[in-house]
Amino acid sequence: MKAIVTVVGQDKVGIVAGISKKLSDLHINIHDISQTIMEGYFTMMVLCDLSASELEFSQIKEELTEVGEDLGVKVRIQRQETFDTMHKL
Amino acid sequence: MEITNIFETVRMIEEENLDIRTITMGISLLDCIDADGEKARQKIYDKITTKAKELVEVGKAIEMEYGIPIIHKRISVTPISLIAGASSDNDYVAYAKTLDAAAKEVGVNFIGGFSALVEKGYHKGDEILIRSIPQALAETERVCASVNIGSTKAGINMDAVRDMGEIIKETAELTAEAQGLGCAKLVVFANAVEDNPFMAGAFHGVGEADCVINVGISGPGVVKRAIEKVKGEPFDVIAETVKKTAFKITRMGQLVGQVAAERLDVPFGIVDLSLAPTPAIGDSVGRILEEMGLERVGTHGTTAALALLNDAVKKGGVMACGHVGGLSGAFIPVSEDEGMIEAVELGALNVEKLEAMTAICSVGLDMVAVPGETTAATLSAIIADEAAIGVTNHKTTAVRIIPAPGSKVGDRIEMGGLLGTAPVMAVNPFGSEEFIQRGGRIPAPLHSFKN
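For the protein sequence lines, the chains are V and H, in the order given. Numbering follows our numbering, in which position 3 of the first sequence is assigned residue number 3; successive positions increment by one, without gaps. Numbering follows our numbering, in which position 370 of the second sequence is assigned residue number 1370; successive positions increment by one, without gaps.
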């Protein structure tokens, strides 16, 4: 299953590192990553593959929310289809 | 995929209240018919609690994985008048209680289908069901009732129109302690549709499959935000903007319906292309119309603005999904729309203007509170007018009106939750008694000489 992790918040040192480390700890492979500053906020999206992870989707979501709280940013994870459906014909 | 697209979706959900309003499981009860009422009710309870056992759980899992809120999980069933009519029962309140118990067991917040279709006349079950509505709504929590009193092919059953005015009054009186809340769960239709996922008017038509999933979408906040970005542009641009936005919103409905149907192992019925407001700030259809340049919704120009909105939502939505159905249009339930509530309180919006608006959008005079002293005949006459609009224009219209006991124009009726706050609106003080007492049928209108 592929999912998209989105991260928004105040820019600071270590956000990309923190999120990537957590994904790596959860055995989640990153396929694509993109980061920019949008309207003054740090904004990142990570396309990842959950198939190697042993955790349930809900547990992964919880772990990512926690790491987001530690880093002071909002982290979400949604299945890729949510975005494909809306933006691709 | 572009990062801007990703965050456009995230923003729609997080900031602009994009949500799936409801996934509604339609369940046929035709195989529950039994001459013994008690047996029929047992079969009904067993079927609903089996078919919908995982509905709420699946809905929650989809919300969690796809990150899109699904506000309601609901059930619609075959009109109970058809099921209970085979029994020798003289009162169908027990059927409503069975539906209520089944809804509670599976955890859905509303179950629709305590209904009768009487556009041409009553059969035994219809008559008993209609008589049972006030008590059924007073003694249950989650049951919704509806009655279809007219259609373009059959005309308007004015006997039923007369009866429904009285039934609404009686329902208000039996739920007087909750300011007539029972009436918020009672819809009088013309041209009712059989696959509507929205409450209170949902029922599962006899032409439907045994069990289906229908989806109702929402998203007035997203449309308003999109129109904000084209300030001052001509209407062509507004129409294009609404179409594109409606497409995106509707795609989410299609996705959620597809996944839900797959996981529940039932066919996916339809997506209802709707803009359904809630009382929350930023989720109002009225505010969309104001964004088009109206000082307040209800002023001159409102009908034209709504016509454009309604049409563009459908044009954008149709291509986004496999099968379209239900009511499909922008809803204008007064108590559930923060912009409309304010417009009524400022004197910008009245019942007459709402009636005009219902001629070009979904669905009718919806969630309108009127003074407690409004007579049954006046309520019936309001129903007749709405039905005439629907029957003549080949569209669904409905009346969901609350004559809150003891209330006066200017009072506020608190319905609670998504039912919102209804400002009590004035009705015409002149009577319609003799008109309503005539009864009989208004013939179906002629639409063209097709041969």
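Please note: incorrect hints may appear among the correct ones.
Calculated pairs, DSS-like style, for lysine-lysine (alpha carbon to alpha carbon, straight line, at most 25 Å) [what the hints assert, rightly or not]:
1) V/Lys88 x H/Lys1315
2) H/Lys1153 x H/Lys1039
3) H/Lys1314 x V/Lys88
4) H/Lys1153 x H/Lys1408
5) H/Lys1153 x V/Lys2
6) V/Lys74 x H/Lys1060
7) V/Lys88 x H/Lys1039
DEER-style ranges, computed between Cβ atoms [to be verified]:
8) V/Lys12 x H/Ala1304: 48 to 54 Å
9) V/Met1 x H/Lys1097: 28 to 34 Å
10) V/Ala17 x H/Asp1046: 53 to 59 Å
11) H/Val1237 x V/His27: 46 to 52 Å
12) V/Ala17 x H/Val1318: 42 to 48 Å
13) H/Thr1050 x V/Ser20: 43 to 49 Å
14) V/Glu62 x H/Gly1410: 47 to 53 Å
Derived contacts from chain H toward chain V, CB cut-off under 7 Å, selection only [unchecked claim]:
15) Val1010
16) Glu1065
17) Arg1251
Since the hints were derived computationally from the structure, they do not count as laboratory data. Note that the structure is a prediction, hence the values are computed from the model and not measured. Cβ coordinates follow ideal geometry from the N, Cα and C atoms, glycine included.
Next on the checklist: Please verify whether V/Lys88 and H/Lys1315 have alpha carbons no more than 25 Å apart.
Outcome noted: 18 Å, holds
Checklist entry - Is it true that the C-beta distance of H/Val1237 to V/His27 lies inside 46 to 52 Å, as the hint says? => result 48 Å, holds
Checklist entry - Is H/Lys1153 close enough to V/Lys2, meaning Cα to Cα at most 25 Å? => result Outside the cut-off at roughly 51 Å; violated.
Item to check | Hint validity - H/Val1010 Cβ closer than 7 Å to any chain V Cβ | outcome: With Cβ-Cβ at 6 Å, under 7 Å, it holds.
Next on the checklist: Next pair to validate is V/Lys74 with H/Lys1060; report whether the Cα-Cα distance is within 25 Å.
Outcome noted: This hinted pair holds, its Cα atoms lying about 21 Å apart.
Checklist entry - CB of V/Lys12 to CB of H/Ala1304, is that within 48 to 54 Å? => result About 51 Å separates the Cβ atoms of V/Lys12 and H/Ala1304, which means 48 to 54 Å holds.
Next on the checklist: Does H/Arg1251 hold up as a contact with chain V if the rule is Cβ-Cβ below 7 Å?
Outcome noted: Holds: closest Cβ of chain V sits about 5 Å from H/Arg1251, inside 7 Å.
Checklist entry - So does V/Met1 sit 28 to 34 Å from H/Lys1097, Cβ to Cβ? => result Violated - the Cβ-Cβ distance for V/Met1 and H/Lys1097, about 43 Å, lies outside 28 to 34 Å.
Checklist entry - Does the structure keep H/Lys1153 and H/Lys1039 at a Cα separation of 25 Å or less? => result 36 Å, violated
Checklist entry - Does H/Glu1065 pass the interface hint, meaning its C-beta sits closer than 7 Å to a C-beta of chain V? => result 5 Å, holds
Checklist entry - V/Lys88 and H/Lys1039: Cα distance at most 25 Å? => result 51 Å, violated
Checklist entry - Falls inside 47 to 53 Å, the C-beta gap from V/Glu62 to H/Gly1410? => result 49 Å, holds
Hint compliance for this structure: hints 2, 4, 5, 7, 9 are not met, and every other hint is.
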